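What follows is each chain in one-letter form.
2 protein chains.
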Amino acid sequence: MIATNEELVFALRSVLSESQVTVNQTILEQHSKDESYHTPSLPDIVVFPETTEEVSKVVKIAGQYKVPIVPFGRGSSLEGHVIPYDNGITIDFSLMNKILEIRENDFLVRVQPGVTRSELNKELKKYGLFFSVDPGADASLGGMAATNASGTTSVKYGVMRDQVRDLEVVLADGTVINTGNLAEKSSSGYHLNGLFVGSEGTLGCFTELTLRVYGIPEHIMAARASFPTVKDAVAAVVSILQAGIPIARVEFVDEPSMKQVNLYSETAYKEQPTLFLEFHGNEAGLEQDVEFMKEIVAEHNCEGIEFETDNAARNQLWDARHNMVYAYSHGNPGKKLMITDVCLPISELAGAIEHAREALNTLALTGGIVGHVGDGNFHVLLMIDMNDANDIKGANEFNEMIVMYALERGGTCTGEHGVGVGKQKYQEKEHGKALLVMEKIKQALDPDNLFNPDKIIKVKR
Amino acid sequence: MIATNEELVFALRSVLSESQVTVNQTILEQHSKDESYHTPSLPDIVVFPETTEEVSKVVKIAGQYKVPIVPFGRGSSLEGHVIPYDNGITIDFSLMNKILEIRENDFLVRVQPGVTRSELNKELKKYGLFFSVDPGADASLGGMAATNASGTTSVKYGVMRDQVRDLEVVLADGTVINTGNLAEKSSSGYHLNGLFVGSEGTLGCFTELTLRVYGIPEHIMAARASFPTVKDAVAAVVSILQAGIPIARVEFVDEPSMKQVNLYSETAYKEQPTLFLEFHGNEAGLEQDVEFMKEIVAEHNCEGIEFETDNAARNQLWDARHNMVYAYSHGNPGKKLMITDVCLPISELAGAIEHAREALNTLALTGGIVGHVGDGNFHVLLMIDMNDANDIKGANEFNEMIVMYALERGGTCTGEHGVGVGKQKYQEKEHGKALLVMEKIKQALDPDNLFNPDKIIKVKR
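Chains as they are written, first to last, in this note's numbering: chain A, 2 to 462; chain B, 2 to 462.
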């Protein structure tokens, strides 16, 4: 059944209120892009459901008219995930932004997908709890589950997939399922939680999430350690991990990026290759860990280590780190962000970062290197002039070099940003024949290919 | 194509050596059962492949003749997973028992599926490393991945699924895929690692596993704490968890089970509701944690706490705990084991254990209760006289009461043993419409339903 836009709007307004269905140009434009360099594309219609039932009704209408659906959280994705290249209906989850339940004794929360990580943490603080996953952006939790986001704390607490205990999902035919339960572990049935997390809206729309949260640690100690070279800093991290010191965060920031941080965040940190570190635990244990850590960084030529024990200084330090992307965007008006995202086995990390630095030089590109080095994940931030074909070409070439280097060493093309459209071309190289299994799953669950088409997997139509 | 057994043997011997394909009655019988009460059933043929290529060839022949395939590790499953109710070919992985690679700097190992957890740990010790997952049995690692096994350490280190970085899998058409990579985290493609772990041989045969291992902790402290009542012991665990004390193991053992332990392991532990605890960390941190833990257990009427710091006493303690199932089997010759396995949110645990104790009394059954209480997972061990219809009926009734209690409170019918045939009947109740998604996945990946048919999901034929 092929419908005109008017017919589709009419059908949608029969199940949602008039204000929940819009074709307003400004709103369409807001939903045509994310925070990346990927080319925008307009949806035909944006809807703002308030309940699971409304989402199910929208999905059923889309199915009836064979119109694509793109779920949209905060638009902070970095690989074009929410850009509707086939137009159709964008489902904006901003009105589904309630924290539904806090089970403090079970360390669990149930939320709607539009809640952001900072909104959740503000509420959890009242209970002495926190939610651990912290990507750069204040993303929606639904979006974070869709891309299997992570951030600075995964070295201790795990990635988004590790926090998801249950998802309520609307499937392609409008059926609503739950993928998990409230138990800490289960060996019952196939692991649908894990499958839907990271599926980027291609298998279903998330309408509720039950997430694992943690008690705020008794003691926290944060530090900045400066090194003469990138190699020293990365080698120090590998030694810390191998010594078994239970670190909660360990972030690498290179010299150019420290300059951007100081400019944007009005800090006066040393502009040298730097590790931002954090330790969580009891007081006695932390002291012993930190002493051991100091010995290790000294062996790797550390030129200065500053501790931040009070809350305010620690928050400033992590805000500076989290604002890195905005620091670059702010420092390069008119340009667009391309950010690489490979992750490698830890023994390959130093070589990979060195290779990235050399590749930047070879291609005469300006870029900063930062990374969640405890996980083997690092990013190169490039600001591209989208009107300069050479600039685009160089950046693409660079991205490809970085990805190929990682894939040849057992790594992945994306550690935390997801595939979207940007990493689609590397899926076959990375997964080989396993990609056929993914295609079969996509086809079994979304036979008309209406859920975020051509993200992750390009289905032949 | 319907083949006689002779034709099938002939076809299999065309790709394997004669000794790798057997119809010897004793060997068939060894592969007709597991460690549970489920009724045995003979395979037609048992094969012993040595390479991935050989497994692929066997699977192709099975596909050609439409003969079911059951993968077999050590036969230590507890829900009939490896029993070939439709006969066919059992693939025994005992000859695929090599540790292929130890990447000590990456905390990764690559093994064949027939390696057992104790074989792996023996080798890892040389590197100061250990593999964390420890079900009661010395199971094969392939089998542990197939059931998403866990054990006493998952409260700190996670379950089997958390350790699997990559699987090499032979699919229904003989294709060989890899489900993951060597990186600590990835947002690339659908999470096939998670899907295949826990799939119990119904989606493919594992031929290699890459697993996460850990550094042996700097300090380990183990303790036994005795309580006047079950309720006190379980309440103490909940308080320890809520206080944020990073415990590595916390096992509950009730009074009847302590008696069995003492009888079987020749120990002289107090025969009271007991917690077996373990802490991993640095010396100073552990001391502070243990002091805090002592205060908490005292508040819950702890009547005695004994610490084991030396290696030998600690090993004896954990061996006693691990031998629980054998202690019961040994103490009840001629009877068969039925063991419940629900897991609930931690706030529901005390009530669930109390309910189980009452149900035992109501049904006049004798059973011991033990549990990985830090995860909300507990087991009731029942020894059944399989010649006594009343005994079987009572045990089944009991199992069902326990499962229903858990499912009504957001729990799962199996925390770590898996579905097999024993928990198949609870899948619809637990998963609702999500079971249809699982069926679609099974159908997409194994259209002829040859891989361990009727385990987890009953496919209509």
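Note that these hints are calculated values from the structure, not bench results.
Since this is a predicted model, take the numbers as computed values, not measurements.
We put the beta carbon where it would ideally sit given N, CA and C, even for glycine.
One or more of the hints may lead you astray.
Stated by the list, open to error - If the Cβ cut is set under 7 Å, some of the chain B residues that face chain A in the computed set are:
hint : residue
1    : Gln65
2    : Ala351
3    : Gly352
As the list claims (entries may be wrong) - For lysine to aspartate or glutamate, the following DMTMM-like pairs were computed, each having C-alpha atoms within a straight-line distance of at most 20 Å:
hint : chain 1 : residue 1 : chain 2 : residue 2
4    : B       : Lys157    : A       : Asp163
5    : B       : Lys127    : B       : Glu219
6    : B       : Lys441    : A       : Asp174
7    : A       : Lys157    : B       : Glu209
8    : B       : Lys99     : B       : Glu120
9    : A       : Lys271    : A       : Glu256
10   : B       : Lys441    : A       : Glu440
11   : B       : Lys430    : B       : Asp389
12   : B       : Lys232    : B       : Glu267
13   : A       : Lys434    : B       : Glu272
14   : A       : Lys430    : B       : Asp311
15   : A       : Lys441    : B       : Asp174
16   : B       : Lys426    : B       : Glu401
17   : B       : Lys430    : A       : Asp167
18   : A       : Lys441    : B       : Asp449
19   : B       : Lys434    : A       : Asp167
20   : A       : Lys295    : B       : Glu284
21   : A       : Lys441    : B       : Glu440
22   : B       : Lys434    : A       : Glu209
23   : A       : Lys337    : A       : Asp392
24   : A       : Lys295    : B       : Glu401
25   : B       : Lys295    : A       : Asp392
26   : B       : Lys434    : A       : Glu54
27   : A       : Lys430    : A       : Asp455
28   : B       : Lys295    : A       : Glu219
29   : A       : Lys434    : B       : Glu401
30   : A       : Lys67     : A       : Glu8
31   : A       : Lys434    : B       : Glu209
32   : B       : Lys441    : A       : Asp449
33   : B       : Lys126    : B       : Asp311
To be verified - Away from chain A, derived, C-beta distances all over 10 Å, residues of chain B:
hint : residue
34   : Leu125
35   : Asn149
36   : Lys186
37   : Asp342
38   : Glu398
39   : Cys414
40   : Ala445
Hints, verified against the model:
1. Gln65: Constraint on glutamine 65 of chain B not satisfied, violated at 20 Å.
2. Ala351: With Cβ-Cβ at 11 Å, over 7 Å, it is violated.
3. Gly352: violated (12 Å)
4. B:Lys157 with A:Asp163: holds (13 Å)
5. B:Lys127 with B:Glu219: OK: lysine 127 of chain B and glutamate 219 of chain B at ~15 Å, within 20 Å.
6. B:Lys441 with A:Asp174: Between lysine 441 of chain B and aspartate 174 of chain A the Cα gap is close to 14 Å, so the pair holds against 20 Å.
7. A:Lys157 with B:Glu209: violated (27 Å)
8. B:Lys99 with B:Glu120: The given pair, whose Cα atoms are some 10 Å apart, holds under the 20 Å limit.
9. A:Lys271 with A:Glu256: holds (9 Å)
10. B:Lys441 with A:Glu440: holds (13 Å)
11. B:Lys430 with B:Asp389: Distance of about 29 Å is beyond 20 Å: violated.
12. B:Lys232 with B:Glu267: violated (27 Å)
13. A:Lys434 with B:Glu272: violated (56 Å)
14. A:Lys430 with B:Asp311: violated (50 Å)
15. A:Lys441 with B:Asp174: Since the Cα atoms of lysine 441 of chain A and aspartate 174 of chain B sit roughly 14 Å apart, the hinted pair holds (cutoff 20 Å).
16. B:Lys426 with B:Glu401: Holds, because 10 Å separates the two Cα atoms, which is no more than 20 Å.
17. B:Lys430 with A:Asp167: holds (16 Å)
18. A:Lys441 with B:Asp449: holds (15 Å)
19. B:Lys434 with A:Asp167: holds (14 Å)
20. A:Lys295 with B:Glu284: The hint holds at about 17 Å.
21. A:Lys441 with B:Glu440: Cα-Cα ~13 Å, so holds.
22. B:Lys434 with A:Glu209: holds (16 Å)
23. A:Lys337 with A:Asp392: holds (11 Å)
24. A:Lys295 with B:Glu401: Cα-Cα ~56 Å, so violated.
25. B:Lys295 with A:Asp392: Judged against 20 Å, a Cα distance of about 63 Å means the pair is violated.
26. B:Lys434 with A:Glu54: holds (16 Å)
27. A:Lys430 with A:Asp455: holds (17 Å)
28. B:Lys295 with A:Glu219: Given pair lysine 295 of chain B, glutamate 219 of chain A holds - Cα atoms ~17 Å apart, limit 20 Å.
29. A:Lys434 with B:Glu401: violated (42 Å)
30. A:Lys67 with A:Glu8: holds (13 Å)
31. A:Lys434 with B:Glu209: holds (16 Å)
32. B:Lys441 with A:Asp449: It holds: about 15 Å lies between the C-alpha atoms, which stays within 20 Å.
33. B:Lys126 with B:Asp311: holds (17 Å)
34. Leu125: holds (14 Å)
35. Asn149: For asparagine 149 of chain B, whose nearest Cβ neighbour in chain A is about 4 Å away, the distance does not exceed 10 Å, so it is violated.
36. Lys186: violated (5 Å)
37. Asp342: For aspartate 342 of chain B, whose nearest Cβ neighbour in chain A is about 8 Å away, the distance does not exceed 10 Å, so it is violated.
38. Glu398: holds (20 Å)
39. Cys414: Non-interface label on cysteine 414 of chain B violated, nearest chain A Cβ at 5 Å vs cutoff 10 Å.
40. Ala445: violated (4 Å)
Comparing the model with each numbered hint stated earlier shows that hints 1, 2, 3, 7, 11, 12, 13, 14, 24, 25, 29, 35, 36, 37, 39, 40 do not hold.
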